[in-house]
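S.K.: Use these hints to put chain B onto chain A, whose structure you have.
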Amino acid sequence: MALVEVQNLCVKYGKTLAVKDLSFDIPEGEVFGFIGPNGAGKTSTIKVMATLLRPAFGTVKLNGIDVTADPHGIRRIIGYMPDTFGVYEDLTVTEYLHFFAAAYRIVGVKRTSVVNDVLDLIELGHKRSDPVDALSRGMKQRLGLGRVLLHDPQFLLLDEPASGLDPRARIEIREIIKELRNMGKTILVSSHILHELAQICTRVGIIEAGELVVEGALEDIYRRLQLARTIHVQISNMTDDMFARIEATRGVASVEREADRIAVELREDELAVEDLLENLLGLGARIYMFQPEAMDMETAFMKLTAGKTA
Amino acid sequence: MKRGLADGSVRDTRLRLLSPTRAFPLLGRELVEEAAKKRTYVIRVLFAVGLCAVFCAMLRGALARCAGSPFAVFGEGEELFDAIVWVLFAGIYLFLPGMVATAIAAERERDSLDMLFVTGIRPGSLLAEKFLGRLLPFFSLLLLALPVLAVAYSLGGIAVERVGEAFLLLCLTCLQVGALALLCSVLNGSVAGAVASAYIAVGTLGLLPFVAERLWGTGMTYVRVHGALAFHLSGQRFLDPGLLACAVWIALTCIAFLVAARLLLLRGARWRLGSLLSLLWRWTDRLVGWGPVVRHDRTLLPTDDPVAWREIRRRGVDTVRHRLRLLILAVGPSLLVWVLAYRHRPARVSLAMGQVPVYICERPASRQDTDTPVGEARSPQQSDR
Chain A
1 MALVEVQNLC VKYGKTLAVK DLSFDIPEGE VFGFIGPNGA GKTSTIKVMA
51 TLLRPAFGTV KLNGIDVTAD PHGIRRIIGY MPDTFGVYED LTVTEYLHFF
101 AAAYRIVGVK RTSVVNDVLD LIELGHKRSD PVDALSRGMK QRLGLGRVLL
151 HDPQFLLLDE PASGLDPRAR IEIREIIKEL RNMGKTILVS SHILHELAQI
201 CTRVGIIEAG ELVVEGALED IYRRLQLART IHVQISNMTD DMFARIEATR
251 GVASVEREAD RIAVELREDE LAVEDLLENL LGLGARIYMF QPEAMDMETA
301 FMKLTAGKTA
Chain B
311 MKRGLADGSV RDTRLRLLSP TRAFPLLGRE LVEEAAKKRT YVIRVLFAVG
361 LCAVFCAMLR GALARCAGSP FAVFGEGEEL FDAIVWVLFA GIYLFLPGMV
411 ATAIAAERER DSLDMLFVTG IRPGSLLAEK FLGRLLPFFS LLLLALPVLA
461 VAYSLGGIAV ERVGEAFLLL CLTCLQVGAL ALLCSVLNGS VAGAVASAYI
511 AVGTLGLLPF VAERLWGTGM TYVRVHGALA FHLSGQRFLD PGLLACAVWI
561 ALTCIAFLVA ARLLLLRGAR WRLGSLLSLL WRWTDRLVGW GPVVRHDRTL
611 LPTDDPVAWR EIRRRGVDTV RHRLRLLILA VGPSLLVWVL AYRHRPARVS
661 LAMGQVPVYI CERPASRQDT DTPVGEARSP QQSDR
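As given, the protein sequences belong to chains A and B, one line each in that order. Okay, so the first sequence: first residue is 1 according to this note's numbering, each after it adds one. Okay, so the second sequence: first residue is 311 according to this note's numbering, each after it adds one.
This is chain A alone, in the form it adopts within the complex (with noise of 0.2 Å):
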């Protein structure tokens, strides 16, 4: 069942339309990926999620709650970090989370309780005491992460959390979004860095200009991408004669020859990788280097941004 349900959704900006007729829907349980490049129309979707900014046109629903017709609900059940967020420079990190904490209307005994919780799990327990304003880029992340935790939401909508992160602060936050999923959160995360989104989302939509290019898992893109895979091959036996069998083994689109290897661009649906490996052997080259290209994200982001799809 689908805990998001966008259907048509239309932004406006005075006469601009920042997000036009987007749909798509997000399954409780899920960690969503949504990229796009800057003014793509992420942050516009998400702030209509999160009741923040009126839709032109279209649906919003979360767990089947029009999020224009009951926003109070609707900010029971997620929790928003934005891109960029500010802090209160004269509260310590406890007095911080205690402040939210009321502000969502959770008191007494078990407002410290939660308080203590998200403190273990953003593994700030040792800062509890701190100024807010001390804190690092990243911990102060990881304050803003713990934040949208405590009234404990259903649905979590991260807006780019691992900007402008140093690598170990980015893996931090990757790791708490894992645990996150592992508690059963349905997450939407937009983000920059692509391969850090592989590793976390089980679904990914890309935006570009305002449009939904493609959603779905992150295979399925893949193979709807039908990408020629490129093999990096380095052979110590290599002629032109061997060179041109290899071009005209069927399933291969083209061969390069590089510095020090061949560079093999493979059809797959034609030519697994495993099989050509195997009809070089048979060629009698003698093999000391064989590299699939790694399909990633960015590779796949790159070629549907840039047009080149189907």
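Quick caveat, the hints were computed from the structure, so don't treat them as lab data. We put the beta carbon where it would ideally sit given N, CA and C, even for glycine. You can take every hint at face value.
Per the computed footprint, the stretches of chain A lying under chain B, defined by three or more beta-carbons under 8 Å from a beta-carbon of chain B, are:
no., stretch
1, 48–58
2, 73–83
3, 89–98
As a list, the in silico SDA-like pairs of lysine to any residue whose alpha-carbon atoms are at most 20 Å apart:
no., chain 1, residue 1, chain 2, residue 2
4, B, Lys348, A, Asp90
5, A, Lys110, B, Phe334
6, B, Lys347, A, Gly86
7, B, Lys347, A, Asp133
8, A, Lys127, B, Ala346
9, A, Lys47, B, Arg577
10, A, Lys47, B, Leu574
11, B, Lys347, A, Val87
12, A, Lys47, B, Gly430
13, A, Lys47, B, Leu423
14, A, Lys178, A, Pro153
15, A, Lys185, A, Glu30
16, B, Lys347, A, Asp130
17, B, Lys347, A, Asp90
18, A, Lys47, B, Leu426
19, A, Lys47, B, Asp421
M.R.: Leaving out everything else, chain B in the frame of chain A:
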């Protein structure tokens, strides 16, 4: 200092204050933040010192005039009382716009307003808590006047109605000026813009009587639009019918400002004074050698680094000096114009403005007028005291 505040029983107290009730977490946070700021105490001390200085100067003058007999000072309390009330009015017009104008604009500037919207705090409650969060510390400033007011009262010559009227009008003025500043805060996207526009708006509100007087003449209209300070100036008393008109006018404007703020809160900032102010800051940065540089830094942070930077521009921060400079730039010229205008046409300006500079100019003159030779008969009202 911050670490110290976060320790032990102080920390527990702050945590309790953070949510005094289930209903007002934001108010609690505002008070905690205000209490943690050094400038809160600096302003209080400065205000108290200023208040005491004015009072001591006035008292010294009164004692000097009564040098022949120490008992002659009895019955002179009204002048001292009025002086203190004037200082309090001045404090409201000078400090309150700056304090309230940052309420929403600061949240917007540090990108924390959206986070508040998605909590359980409703927009109306958010505004009310922010408003109270700024007014309560200011009321504590006004309370500093109580000891000196008590001394003035003990000297006699003050009708109880006068005290009631002053109290009512001070409170109403706080609400009116605060509500207008809050509206400016809602309309502006930056702290600097909000503070500047709040002072401009409050100054404009002060100019309204001049326009009204031109259009409709004096009389009730004058009293209504002139607001609390003019009413106080006009010498009417607590139970005079004019007070009701004045109070209703102030209350209505206050409600109008708050309703407008509520309606516009979710629509986002409308005014962009930032660019204009930026030019002004660049100009003043060249002239003023002290304090932080407040203009926007033109140096961009790297955007093509492997670590994706979100901040691509450094921003000027909201500091006391920043606000002080705003205050001087916004209020200073107006004060100068008022004082100069008063010297040329005292009657018209006092009618039109009825503001602080008039008081400053008027005090010595009124003191001369009210000088009572020792041993002379007092007015019946004074004799009653």
